[in-house]
Every structure is written in C-alpha cells, then in structure tokens.
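Protein sequences appear in the order of chains R and H. Those letters in the first sequence? Residues 17 to 319, by this note's numbering. Those letters in the second sequence? Residues 17 to 319, by this note's numbering.
Since the hints were made in silico from the structure, they are not lab data. A virtual CB, placed ideally from N, CA and C, is assigned to each residue, including glycine. Check the hints yourself; a few may be wrong.
To be verified - Straight-line C-alpha distance at most 35 Å; calculated DSBU-like pairs for lysine-lysine:
(1) LYS130/H / LYS304/R
(2) LYS130/R / LYS171/H
(3) LYS111/R / LYS111/H
(4) LYS304/H / LYS304/R
(5) LYS50/R / LYS304/R
(6) LYS171/H / LYS171/R
(7) LYS130/H / LYS202/R
(8) LYS50/R / LYS215/R
What the hints assert, rightly or not - To give an idea of the chain R side of the interface with chain H (calculated C-beta under 10 Å), a few residues:
(9) ASN74
(10) GLU76
(11) PRO126
(12) ARG283
(13) VAL291
(14) PRO294
There are 2 protein chains.
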Amino acid sequence: MSTPETVHGLFAPVLTPINADLSPDAARFVSHAKQILADGCHGLCPFGTTSEASSFSNEERMDLLDQLVDSGISPSVMMPGTGCSAIPDTVQLTKHAVELGCAGVLVLPPYYYKGVLEEGIFRSFAEVIERVGDERLRIYLYHIPPVAQVGFSIKLIERLRNAYPKTVVGIKDSSGDWSNLSAILKEFPGFGTFTGSEKFLLETLRHGGAGSINAVANVIAKPLRALVDGYQNEDAEPLQSRVNLITQTRGGYAPVPLLKQIVAYQRNDPVWTTVRPPLVEMADELAKELIGQIEAAGLPLHS
Amino acid sequence: MSTPETVHGLFAPVLTPINADLSPDAARFVSHAKQILADGCHGLCPFGTTSEASSFSNEERMDLLDQLVDSGISPSVMMPGTGCSAIPDTVQLTKHAVELGCAGVLVLPPYYYKGVLEEGIFRSFAEVIERVGDERLRIYLYHIPPVAQVGFSIKLIERLRNAYPKTVVGIKDSSGDWSNLSAILKEFPGFGTFTGSEKFLLETLRHGGAGSINAVANVIAKPLRALVDGYQNEDAEPLQSRVNLITQTRGGYAPVPLLKQIVAYQRNDPVWTTVRPPLVEMADELAKELIGQIEAAGLPLHS
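Chain R on its own, in the form it takes in the complex:
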C-alpha cells in the first residue's frame, strides 16, 4: 500500500504548565515548547497523556494550540492529541488542528466504555473523518491501553488503513509491549509507526519505524536526539541505555509529576511542579532524591 508522506523523528508530548489557580500558563507553555525544539525535538505533540490533555477543556486546548502557532512555531511540526470520548469533541479539536495547518493529529479511541466492539471504534473514526471532511487530515492512532484501556488491534489498524489510506497514516504505540510494536512494524511497512516507550527507540528505528513520541523528550531531548541521529552508529546501544535511566529510576512513581519536577529543576522555576487534579504533584524531597539518582546513574538533567 502506498502511504502519504508522514512525519519522522523525535516528538514530545508537551507538558502543560499550570498556575497555582490551576489555569494553564500559556507563556511557560510556549517557552517550554521552543526550548525542547531547540534541544533537538523534531516536533511537538501537545495534549498527549503526559500533557494532562484529558484534564483540560476543549476551549483551553484550542487556546493553547493557537498560542503555540501564534508564537511562531510552525504547525508543520505539530501533531496535537485530539481524541475524546465524544465524537463532537474529537471533531472540534481535530478540525481546529487541521485548519491551523498541523502536520497530523494523535487520536485516542473513545475511552469511557470498556470492552467495546472493534466495529464501534471503527465507526467512531469513520464518523470523525467524514465530519472533519478535509483532505489535509492526517491521523495517527494513539494506542495506550494501560491508560485508555481501549486500543487498536492489528486487524483494526488494517481496516482503518484500508478504508482511509490517505488519512490514517500512522500510530503511536504506548502499549509498552515490544511484541505488539514489532508486529505493527512488520505488518505495516511504510506506516508512520512511533514508539511511545523510549526503551524501544533504537529497535523501532532499526525496524523501519518513524520515530519516537516520548514523555521524557520534555527533559532529555538532547540525548534522545543523539540516539535518533546515530541509531546506525556503533555507539547506539549505550545511547539507548542512557535514555532508559529516567524511567528505570522512577520506579512506581507517576511520570507526569516527576517530569514537571525535573523541568522545575532545569529551569529553576517551582511553578512547573503544579499538576491539575486528579494528578497530584510530587513532593519536593522525593523529587530531589529521584533526580539525584538519575544523575548519579549517568544522565545529567541540566543541559
């Protein structure tokens, strides 16, 4: 199957800074986005799971995306998350992103009902695609069963690609399961397959994947980019081992509060530690301890 051109490389699900009153902090958001692009990200996925996307209203999400574009960052490097439980909400966010000129959108399946039929997920995507009705639309399926609980089987991916070959152009696999990711890479050569787990970055690129969309790209874009650029080099394995250190070290702690603590540490800016409920910020002392462990293991976090 011939596939339209897809984006490639290192993308960050951009963390969303918020103020003490829980409102989004657009200035810090734009500044952070520019910094991680400067540090080596090829592109941005605002409103992924790491961005606390589901904790913001559609209005807040569209406003933040507008501000990114207004700041001068090209929408051609953006793939915002737009998948909601309700079709009209997904359509609204997706239309907005397409009209801004975004390279693509990262779309969760409807995630409230569990155990739904694949036919129902297929119809949800078909309905969104028809309602958006724009040839520029490029959808990347967002497969994150540990959180959404609803995902995309190989059969469903195939059905969506066959029905909408110019629109359904890729996937982010955040299953954390190499056997699933490698099956996608094998079944769908030319599909824009991104790993959501940085530990599979090297193997994903070696197997023809499009790249990586990783939470840790918010804080270690440079070493991740070195791995993306150098994956065919002899020193690729040690580069991979180095970027694994954050996730290996954080143990059972939730990723978003720790990543926000690391940004606060990097920018010397405690505003960054705040999260929106239902997430809870990480205590400063625990963050300090974990950051110390990550750096001691060989991954400096100050650039």
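Chain H: place on chain R using the hints.
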C-alpha cells in the same frame, strides 16, 4: 452526622434516542422521560452510563436537559450525570444543572488516568464544589469501577462527606458488588445510597438505602416501582426475582443496545435502536430472540 434531605426511590438513567445522523432526538427523549415517570419512576438521571453520556458533548447534554425542563418535567426530580475527565467540563455541566434547579447531580470521578491517588480525586471534587460555589449543589458520587475504572473507597467517601457535609449527600454504587454496597450502607446511615444494580434493590431498601438508579427502569419501571413500594411485603422476593430477569437473560450482550431495542419494541419505533459509536446497535434478530426469552421467563415487556 446530620445529612441534608436527599432524594429517594426509583430513578432511571434515561436512554438517549438518536437519529440516523447520530444527532440526539430531543422529542423522543422528552416523550420517553415522561413515559417512564408515568410508569412509576420517582425521578430521572439523564446522562448516566446507560444514557451514553460520555458520547455527547457538553452542549448536547445541556440542550437536552433544557428541553426536559422546558417540557414541564420538574427539575426537582432530576439528578443528571455531570462528571467528566476535565474539571472545567464538570463545572460547566454541574453549574447548569444547579441553576436549572435539579435536585442533585451524579458525578463520576475523572476517569482518564488510572491508578490515581485518592488525594487527587478528593481535590477534583473540592475544586468542582468551590468553582460551582452554590449552596444548592447536592452531589451524588457515581461509583462504577467496571466502566470508569476509578472509584470511591469507603475512606474517600468519608473524607468527602466530612469536608462537604451539605453537598456530598449520596452515592450510586454500580460496582455490582454487594459487599461494597452493604459496607457503604453500614458505614453511612442517612447517606443517600442508591444501588446501581437492580438485583440488590430489595436488600438496599431493607438496609436503609435511598433507592435504585437502574438502566432497566427505562423499560420495566412498573415492576420496579412495585418492588420499591412493596419491599416490606411478603411478596417482595418474587417481585425482586422478576425484575432480575432482563439482566439474567441478556448474557454477555451490552446493556444499552438491548435496552434501546426493548424501547423500540415497546413503542413500535425502530428509530430507538440506534446508538452512537463506540457502541454498536444490536441486530434485530438477536434482540427479538432475547426479548422473547425475557417474556417467556415471566417478565412481559409490553405494558
């Protein structure tokens, strides 16, 4: 603890009829709501799980609720579902319901992130209550872990009640687990505890519960009401056994498509069979077979 007056009796999570183009059908919605009230429901919970609430935008939900009130049904018998993943969305729906004069609201916890800390769920509710900022607000916690995956422990219920005794006044327990429901009934006498499973209706009332919020109240309000009115009578057990027949008979089939098929059968109106993706309608032949089995077992569905 003294608790403010709460609602009691039989409530229906109102099915949401939709047209072939997937838009909500407000006329059928209002007509159905009036019919089930006439059949014996004490009140209505529009926008529960059975209502496909998560598949509709906030605008669609507010418009449908407005139309119910405009049709002359008193908001004093309404307890709409208003819980979303994002605090601003929950606040918008909750404010709207309170300003309409609804008796209460049924509030899901934020349900995208899994394994969140109870502190985070508590903060979500605190934030919603503060932002709504209305003394008339009465919250019923919506505990449905088989679907939302996020729920309310006894400890969290206690914390919410202690912090907001005039506001957090009840719970709908759709865990399907009698040991959980009976623990709530035992721990919190006077709390407005509703069973979400009709099979526990009799036991809930015998243990001082407030009543029942059941999907099947959309189609068998009369026998359910007979049980609510007669739970202290000698024939209560057979009444309970009779209302159990739908759920016992449907086997592994999803409840919403079957319930919509039963309404279509009762009203002789095939428009009712449509569901919004990600749900998928039930095939007519299968529905006919299941309806036949339910009636043959002793529960007539035509009133």
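Hint check results:
Distance restraint check for LYS130/H and LYS304/R: the Cα-Cα separation of roughly 25 Å lies within the 35 Å cut-off, and the hinted pair is therefore satisfied. Taking the CA atoms of LYS130/R and LYS171/H, the gap is about 26 Å. The hint holds against a cut of 35 Å. The suggested pairing of LYS111/R with LYS111/H holds, with an alpha-carbon distance near 28 Å, which does not exceed 35 Å. A hinted pair counts as satisfied when its Cα atoms are at most 35 Å apart, and LYS304/H with LYS304/R does not qualify at roughly 63 Å.
Our distance criterion of 35 Å between C-alpha atoms is met by LYS50/R and LYS304/R, whose separation comes to about 25 Å. At most 35 Å may separate the alpha-carbon atoms for a hinted pair to count; LYS171/H and LYS171/R exceed this at roughly 43 Å. A hinted pair counts as satisfied when its Cα atoms are at most 35 Å apart, and LYS130/H with LYS202/R qualifies at roughly 30 Å. Simply put, LYS50/R and LYS215/R have alpha-carbon atoms about 25 Å apart, close enough for the 35 Å limit, and the pair holds.
The closest approach between the C-beta of ASN74/R and any C-beta of chain H is roughly 8 Å, which is under the 10 Å cut-off, so the hint is satisfied. Interface restraint check for GLU76/R: the shortest CB-CB distance to chain H comes to about 7 Å, inside 10 Å, so the restraint holds. For PRO126/R, the shortest C-beta to C-beta distance to chain H is roughly 4 Å, which falls under 10 Å, so the interface hint holds. A distance limit of 10 Å between C-beta atoms decides the matter here; for ARG283/R the minimum to chain H is near 24 Å, and the interface restraint is violated.
Residue-level restraint check for VAL291/R holds (minimum Cβ-Cβ distance to chain H is 8 Å; threshold 10 Å). Of the supplied interface hints, the one on PRO294/R holds, with its beta-carbon coming within about 4 Å of a beta-carbon of chain H, less than 10 Å.
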